[in-house]
Amino acid sequence: MVNCVRPIPVVSNMAISTYAELFSLIFSIALFRKLSAGIRAFSFLLFFIVAVEVASELKITNWHRNNNWIYNLSTTVEFLFYSRLYYNEFKTSGIKNLILYLTVVLLFTTAINIIFVQGFWKFHSYTFMIGSILMILYAIFYFYSGLNKDINYNYVRDPVFWISVSLLQFYAGEFMIMMFYSYLAPLRLLAYSRFFRVLMDIINVLEYGLFCIAFIVDARQAKIDAAYSIKKR
Amino acid sequence: MKFSEQQEIIFILIAGTILFLILAFSIVLFILLYQRRRQQHTLEIADMKNKYEQELLRSQLEIQEQTLRTISQEIHDNIGQVLSLAKLRLHTLPVNYTDEDIQPTKDLISKSISDLRDLSKSLNPDRIADIGLMESIRHELQLLQKTHMMETFFEVKGAMQRLPPEKEIIVFRIFQEIMNNTIRHSQATVFNLLMEYGEDRMKLVLSDNGIGFDAGADKGLGLRSMNNRAKMISADFNIASEKNNGTVTTLNVPL
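Keeping their order, the protein sequence lines are chains U and S.
If you count the first sequence from 1, you need to add 199 to reach the working numbering.
If you count the second sequence from 1, you need to add 369 to reach the working numbering.
There are no misleading hints in this set.
SDA-like mimics (lysine to any residue), calculated; alpha carbons at most 20 Å apart, straight line: (1) 348/U - 408/S; (2) 371/S - 390/U; (3) 526/S - 569/S; (4) 348/U - 403/S; (5) 371/S - 394/U; (6) 371/S - 382/U; (7) 371/S - 381/U; (8) 490/S - 507/S; (9) 348/U - 415/S.
Everything labelled a hint here was simulated from the structure, so no lab data went into it.
Bound-form chain U, shown alone (with noise of 0.2 Å):
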């Protein structure tokens, strides 16, 4: 059956996924001091994002009769975070150059979608496409490099893989659903609602699991690290 329902709720109402979020959240937040630099700005992150959550549930953030606005900007702020832990994890110039040129370019691209194409009152469905499709060719260039890497090399080890892994399921997970947004949204059917609701839910429970992965992975090896340094002096 498909019925027209109340507006569909873009991210809001999920509590699932906000659970998955606080709960990584504090996950961070509790191996904080263990955590190596690049992966404690995960924190504030997460802090970001259930703020913006809980905000959302609250009704706080609903202006214009929903709270489009807000997921505007938060996952804008994702997608360049994402891009800044890409460009610090490659070390090759040409590379780093090319991600900082596609982050301009995303950059520039949503800020004319919100103002002259979507709007800022609707979801940014076709430059959270572009981002996503950046997203998964980071993720997969990531592993892609890994192969080149030492031959000790372990993904597993590293916690920029369990956050690839996070970020490739994601994004993949969404992309068929921003595909449709901007025809199937307007519509209102009560089948794409609940289908976006369960979906959401898994790939936000998956993505913040593999989170708190990369965070226990990253704190272990920060802890070998500093005991091969002592050992080294």
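Given chain U, put chain S in place with the hints provided.
Just chain S, lined up with the frame of chain U:
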């Protein structure tokens, strides 16, 4: 929009999402499996390299050991005897000896000097690398010939080409082992060696006219060791022998 159309779109959406997620996890799985296989492959190569180096070292040690044994035997059986004879001759010289009287003693001492010179060459640890496989084999055969234990024949066909030094050491050690086996067990009177250089292979054929052995029977440690060493340099190793019908050993080494 019709209900069926909506259903179709939702179906495409779900199927597409599942497909995307499967694809994403497949990429991760592929990367992990590929890396594991790559690590295993690298470890196997390192292990093989390690074994090869160990085998090379063992061959070098065995060659040195064999050389020392030959030298000891040569000093005792040949040079020692000749010098004793020279000493005896000096003792029995008449008081007013002439040049003619002393000449045989001079010849004996000259022979000993010449033999010692030959032996000192054998003591050089890099002898094989210096003079090459062919000359090293020729030298060993000359030493065997001098013992009068058996007649040796050495033939070279084709244009001589040097093998990489590590390969030469292993081939030489295999040759030495075969020669030792022939001396110890074959009761042969003739030992033939043919070195044949082709475009991309070098063939070494060693044969004797001894009592032979049952080549089909269980291979001893020595034969197995030679076989393993041949495998390490990608050479074909083959022994053909029958009771009372001599032995022919062939080693086919890629250049």
